[in-house]
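S.K.: Each chain is listed here by its residues.
There are 4 protein chains.
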Amino acid sequence: MVRSRTVELEGHIIDSGMMQRCFGVVMDLDGEFEVEEFRVGKHKDEESYARMTVSADDEETVRSILHELHQNGAHVPNPSDVALKPAPEDQVVPHGFYSTTNHPTQVRYDGEWLPVENIEMDCAVVIDPDERRAATKVLNAIEEGDLVVTDESGVRVAPPERPRGGGGPFGFMQGGVSSERPSESLIREIGETIAETKENGGKVLAVVGPALIHSGAGDDLARLVREGYIDMLSAGNGFAVHDIERGRYGTSLGMDIETLEHPRKGHKHHIYTISEVIRAGGIAAAVEDGLIEDGVMYECVENDVPYVLAGSIRDDGPLPDTITDAVEAQNAVREQAHEADLVLMLSTLLHSVAVGNCLPSTTRVVCVDINPATVTQLLDRGSAQAIGMVTDVGTFVPTLAETVLERASSN
Amino acid sequence: MVRSRTVELEGHIIDSGMMQRCFGVVMDLDGEFEVEEFRVGKHKDEESYARMTVSADDEETVRSILHELHQNGAHVPNPSDVALKPAPEDQVVPHGFYSTTNHPTQVRYDGEWLPVENIEMDCAVVIDPDERRAATKVLNAIEEGDLVVTDESGVRVAPPERPRGGGGPFGFMQGGVSSERPSESLIREIGETIAETKENGGKVLAVVGPALIHSGAGDDLARLVREGYIDMLSAGNGFAVHDIERGRYGTSLGMDIETLEHPRKGHKHHIYTISEVIRAGGIAAAVEDGLIEDGVMYECVENDVPYVLAGSIRDDGPLPDTITDAVEAQNAVREQAHEADLVLMLSTLLHSVAVGNCLPSTTRVVCVDINPATVTQLLDRGSAQAIGMVTDVGTFVPTLAETVLERASSN
Amino acid sequence: MVRSRTVELEGHIIDSGMMQRCFGVVMDLDGEFEVEEFRVGKHKDEESYARMTVSADDEETVRSILHELHQNGAHVPNPSDVALKPAPEDQVVPHGFYSTTNHPTQVRYDGEWLPVENIEMDCAVVIDPDERRAATKVLNAIEEGDLVVTDESGVRVAPPERPRGGGGPFGFMQGGVSSERPSESLIREIGETIAETKENGGKVLAVVGPALIHSGAGDDLARLVREGYIDMLSAGNGFAVHDIERGRYGTSLGMDIETLEHPRKGHKHHIYTISEVIRAGGIAAAVEDGLIEDGVMYECVENDVPYVLAGSIRDDGPLPDTITDAVEAQNAVREQAHEADLVLMLSTLLHSVAVGNCLPSTTRVVCVDINPATVTQLLDRGSAQAIGMVTDVGTFVPTLAETVLERASSN
Amino acid sequence: MVRSRTVELEGHIIDSGMMQRCFGVVMDLDGEFEVEEFRVGKHKDEESYARMTVSADDEETVRSILHELHQNGAHVPNPSDVALKPAPEDQVVPHGFYSTTNHPTQVRYDGEWLPVENIEMDCAVVIDPDERRAATKVLNAIEEGDLVVTDESGVRVAPPERPRGGGGPFGFMQGGVSSERPSESLIREIGETIAETKENGGKVLAVVGPALIHSGAGDDLARLVREGYIDMLSAGNGFAVHDIERGRYGTSLGMDIETLEHPRKGHKHHIYTISEVIRAGGIAAAVEDGLIEDGVMYECVENDVPYVLAGSIRDDGPLPDTITDAVEAQNAVREQAHEADLVLMLSTLLHSVAVGNCLPSTTRVVCVDINPATVTQLLDRGSAQAIGMVTDVGTFVPTLAETVLERASSN
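Protein chains in written order, with full-length UniProt numbering: chain A, 1 to 411; chain B, 1 to 411; chain C, 1 to 411; chain D, 1 to 411.
Treat the hints as calculated values from the structure; they're not laboratory data.
These figures come from a predicted structure and were not determined experimentally.
It is possible that part of the hints are untrue.
[Said to hold, decoys possible] Pairs of lysine-lysine, DSSO-like flavour, derived with a Cα cap of 30 Å:
| # | chain 1 | residue 1 | chain 2 | residue 2 |
| --- | --- | --- | --- | --- |
| 1 | B | K137 | D | K268 |
| 2 | B | K42 | A | K44 |
| 3 | B | K85 | B | K137 |
| 4 | D | K42 | C | K44 |
| 5 | B | K268 | D | K203 |
| 6 | C | K42 | D | K42 |
| 7 | A | K85 | A | K137 |
| 8 | A | K268 | C | K85 |
| 9 | B | K85 | D | K198 |
| 10 | A | K85 | C | K268 |
| 11 | D | K268 | C | K137 |
| 12 | C | K85 | C | K137 |
| 13 | B | K137 | A | K44 |
| 14 | C | K44 | D | K198 |
| 15 | A | K137 | B | K203 |
| 16 | A | K137 | C | K268 |
[Said to hold, decoys possible] Ranges between beta-carbon positions, derived for each pair:
| # | chain 1 | residue 1 | chain 2 | residue 2 | range |
| --- | --- | --- | --- | --- | --- |
| 17 | C | V2 | D | P306 | 53 to 61 Å |
| 18 | D | A285 | B | E192 | 41 to 49 Å |
| 19 | D | P306 | C | D341 | 56 to 64 Å |
| 20 | C | D341 | D | E144 | 30 to 38 Å |
| 21 | C | D341 | D | G145 | 48 to 56 Å |
| 22 | A | D304 | D | A285 | 44 to 52 Å |
| 23 | A | P77 | B | E196 | 38 to 46 Å |
Yeah, the Cβ is synthetic: ideal placement off N, Cα and C, and Gly gets one too.
Produce the entire structure from the sequences given, and follow the hints as far as they go.
M.R.: Structure below.
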């Protein structure tokens, strides 16, 4: 049975972002809204007003929506007084206590709106009936018998509005998104997205850095390529050399990937690898000659997954496949970017920026790096739908591969 | 003379943030708007429509505003065809060329809307009149004679809308704020804000970490306290000990601040400092005894600037002034936070989080740290007006002090 | 059959660290050394000299050792001329080519020591027999027929010496340790270390931060506690609250750990959790009452694993178990630190520093954090045997638990 | 008058690094040493022994040296008992108290060596004469009358030795270098080094990233070029474009450097800048045409300072001066690197790595970046003399320029 409730918004509800957040809340929580009245402020100093009915399939959902709308400044018409319950013990809140935001707040007590003094987030609100005053209390200040506000009726929140006429150097902040999320669950959701993209005939572009190989995740990426989950690869000369070196010598930049031991002759492996591929005439020729027998590049060649290796001034060699001219390499990257429906940016700021520069805002992006600044920088580049994850690519890729391949085998 | 122009917005203009950004653009660029018509989509699948007149004092400003509105999806009614100019040379754009966003874009050519193929930001748009097609070209692909779109008339941009019905794990991104700003200019603006806060009778709370002393900025902070620009100080035991040690021995954690030489007996200075202040009975008593003769804590005592030193499990000593009980210390911090009008958070995540937890969203916050993750985390805590600056507190504070004090002497 | 070889070291071989590194090389590579002659420079301007015989069980090992000693400046007595081989093709090195360090280098050609010009690491050395000159060549500069130095005989490397009489502000660098290691393999080795510590009757102290719970690794840490691999726990109030909240509500700071959905009433869960534990009288009482049924704290109570929860000014509540006095809490941490044989510092800088301050240099330390600066700072605090790992604790702990528990079940 | 003292070292004094550190201490503190006896352990299980006389110009210096040697494990022959003083008050240490390291420590009391229990750094050592036991006490545990060890005589410290036969995954740590240094003082020292390099006829290579321009430090770098302190410049296309854009439009990537205002038409400036320079035929031609009138690139052209602009796949344009082929660009960078005597790496990881790859270990390097991971990575690349500084290049370069130019004018 559909349940519904009416809410009002008042003030500079558009430029403060309040209206946008309220619409977002309803949609995110699977509700519906019907705007009954909307008067927009015609000038920047004129306030706006909206009244809408919010509905959902069950009372629980409606309440969740109402709660969120309330925190964002919406309020119900014809408010009643606040409901009060005494604190059962010192430092214990009554069930259903109202937990504050850090925005200016009022509570309706005995027909009168009282400002909540010392507003601060995650506190309870306690009413002093004699003084007719309301104030926040942190948990450890609660005393038995304190009259604590419960539920949201009779409570009004007023999120700050964008300062009229410029705020000087101060930015107008609109509530950030917390970034801490459980790693394994999120990886599973990314796995779902890859699988769905493939099922819908979309193309997945993996943009990868050498840290992926150093951290031991090469085999798992190779499996994803072999099983058809990666349609294009974008990387640098270093990535390909480390991947091939690992296959030939079991080392990456000279360190044994399995035993962690440093054979101490290792740096030569890197140069030998390049030297041999040059002699063979390139990666595909080296695969054909049996020189390269596994790894990410091997799977790309065997499964006709096109790759772009873009050169840089930090390269050894480079391999014959590496496009050393920056303009030519950028054009090759551009072509990949335009074809992709989902882009996985895996621990490479450099190649990811190059790809990101060429992406329309409608392409989905997943960005994984251990450096939060890298993730922030890449998410800022303009995709409208993006996931950023600050994690270790050496554990991310194995978990991702497991998820995707398990899902496939269970279908 | 006031100039004006009419623009329209269509689509899910509220929940995509388009409307909010457009209002913000007009206000930021010192324009005025008058909403002439506004039809809000009543349901989540119904689009909205707005038409407004934008005006400003001069044609230049109106054009700047129009440009920004355009980039955010607004368009003029009754559009004309695009204006085209031939590229004067290979790799050279004609004056006034239209520079793309990364959003889906259309251009009106010969009465018909053509989609711009391969959309990508910061490109030119070139029309092929024979094929009646439009496509982006990067600068180095421009050929002499290419018909390049100039100005914005006849161009339509469609920023992505929030996906209806949840986007899975993907966040809906709405255009980040670039953070690279010239350091010295921004510091000057922060100095202005401090001075104005004081002139308006407001209170400035400095929340400071020990890195401020290690980096040699103690003298400059002490001057700001002495000259009356800091009304309250919030710190930990370590900050106070390093500050006093520097005054007594010229070292901070044993290293000579001036000569950079490590007297190699240094760590004892730290313990001696605490031991002596304990013997004197506290910081104020040690100032009175002549044991402490300069530094930040000295100036606080001499100028009656109240300070809270909150204890932690990492402290040596601690000093008698340090509040070792966490609940008591939090209450002292809370009181400071509630009184402050402007909070300077200077290279301390820990104390800044504690202060931030107690702040209403209406208090202005300046957050300075060398670690971008710290700045991001602090700005996310809920102030509506905030400045974040990733810089070295060892050069920030001297520059700030110079600015504030120069301004004072020139008034 | 034991094979051996004699090498010499000359110069300021002690203060440059050359001697130390050479001894280290032999031990790391399972060789033996016998010092035959050692003349130490009596004054700082007098050079030292060492001659030693290096031996190992097989020729392969001896050669690995010799290679490393050579790179660190050791050389064989009575050197022969370098061996030269022509490059087989352009950009291809002959087998066994000598790969340069970046230290000043000489090669013995036709009885004469030639300096290698333009020294640079990871290059080949090519001899011009007409000019009697030797120079580095990068791979892509190699031309067919170039006379390339192979093997190490006839090559002398001279690592820089510590400048006599102070280097000004410049630090004397002695060769860093590369930090990129395959994540999963290293976690397995850490698992081995935990298991061995337990088998030898040692005690494992886990120092943990709230990110461990947010990132979804709580269940796996709980298993490690239950199975007896963790003997003591050191954390803050926040860790315990998040862990208990997750058990009671399936959320951490209000976000659902499994579905990633934000119930939007979430922040109250945090306060409720504290409120209920306060009402029960503490964590152990709440476990007994059936209020807490799983999680890390539950397993600690059930398995008599002592925990220290140290308070801070950022705490909500706090829980009755939290020690709010900083001095008292530090003493409790100190006691744990003194008892531990292996300390796991898991994504908490604050508690790790507090523990690290109390550790003797002989206690082993494993430090895991996603922030490389945190890992560096903790490793600098003075343990003589330490592992630092920059990774995501949300994938680290599950992988570690799996390793340890698999090992146990296979024994 | 020269004062001297004899010390002994015993144990695995070479591979633990003890001997090296002791030699370093004497040299750093301007002392002299004379090794009187040195017996090296012939095998890895045989200990070594050294006895040396340490001397300096005054008693104060000798004592400083002795203190440091002592902390590193050296001890005096024929030790006396420890000196004890009673603590004058609770929580107050007597003058000259012995401050502990975190290494295993013994004290000689009444002719007998007692182990110090619960060793932990920065504590006092208290003797219980009845129990004949010694233990550490933190400051707040000191009670009036406690018998506290003073001075170092009668105290023995044993820094841990490298484990014989491999330490598993654990690295052997040998005491890190603290990195917190006062910013302004260190910049002055770097300024001195530049000036001295120039006075000695050396060459200074500046490797610079675009953040230098964004952060407003372009003018100051331009002055350093104009005044002859920079001999070569290594950068990318982006650096040059931002620098020229700033000169032409007062913006960098569209933002006004002085007013911080975003003209909102800004991104076109970037493309225009490139377009115009292409039209002129390159930077030098654009300077000659009067198109470029100031900035870093302008000063390079006017003062014949050679520059290398290396291309990348992230470039717009690029400028005609940019070397787009990676191999060719690397060779140009290599030439610069081989000529340099001092390299300043200023907020660019990418170009710094490319330059660092080509440097001999004897070239001095200064590396400045706001990201500590970048500084660490660059310092690890192999220069024997290096300064790393984690600071804001936007305040670093102005302070550096001021220092260098002031010094010049005062000479």
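S.K.: Now, for every hint given, state plainly whether the structure supports it.
M.R.: Against the structure, the hints:
| no. | hint | in the structure |
| --- | --- | --- |
| 1 | B:K137 - D:K268 | holds, 14 Å |
| 2 | B:K42 - A:K44 | holds, 24 Å |
| 3 | B:K85 - B:K137 | holds, 14 Å |
| 4 | D:K42 - C:K44 | holds, 24 Å |
| 5 | B:K268 - D:K203 | violated, 43 Å |
| 6 | C:K42 - D:K42 | holds, 20 Å |
| 7 | A:K85 - A:K137 | holds, 14 Å |
| 8 | A:K268 - C:K85 | holds, 16 Å |
| 9 | B:K85 - D:K198 | violated, 52 Å |
| 10 | A:K85 - C:K268 | holds, 16 Å |
| 11 | D:K268 - C:K137 | violated, 43 Å |
| 12 | C:K85 - C:K137 | holds, 14 Å |
| 13 | B:K137 - A:K44 | violated, 39 Å |
| 14 | C:K44 - D:K198 | holds, 29 Å |
| 15 | A:K137 - B:K203 | holds, 23 Å |
| 16 | A:K137 - C:K268 | holds, 14 Å |
| 17 | C:V2 - D:P306: 53 to 61 Å | holds, 57 Å |
| 18 | D:A285 - B:E192: 41 to 49 Å | holds, 42 Å |
| 19 | D:P306 - C:D341: 56 to 64 Å | holds, 59 Å |
| 20 | C:D341 - D:E144: 30 to 38 Å | holds, 36 Å |
| 21 | C:D341 - D:G145: 48 to 56 Å | violated, 35 Å |
| 22 | A:D304 - D:A285: 44 to 52 Å | holds, 47 Å |
| 23 | A:P77 - B:E196: 38 to 46 Å | holds, 40 Å |
Checked against the numbered hints given earlier, the structure breaks hints 5, 9, 11, 13 and 21 and satisfies all the rest.
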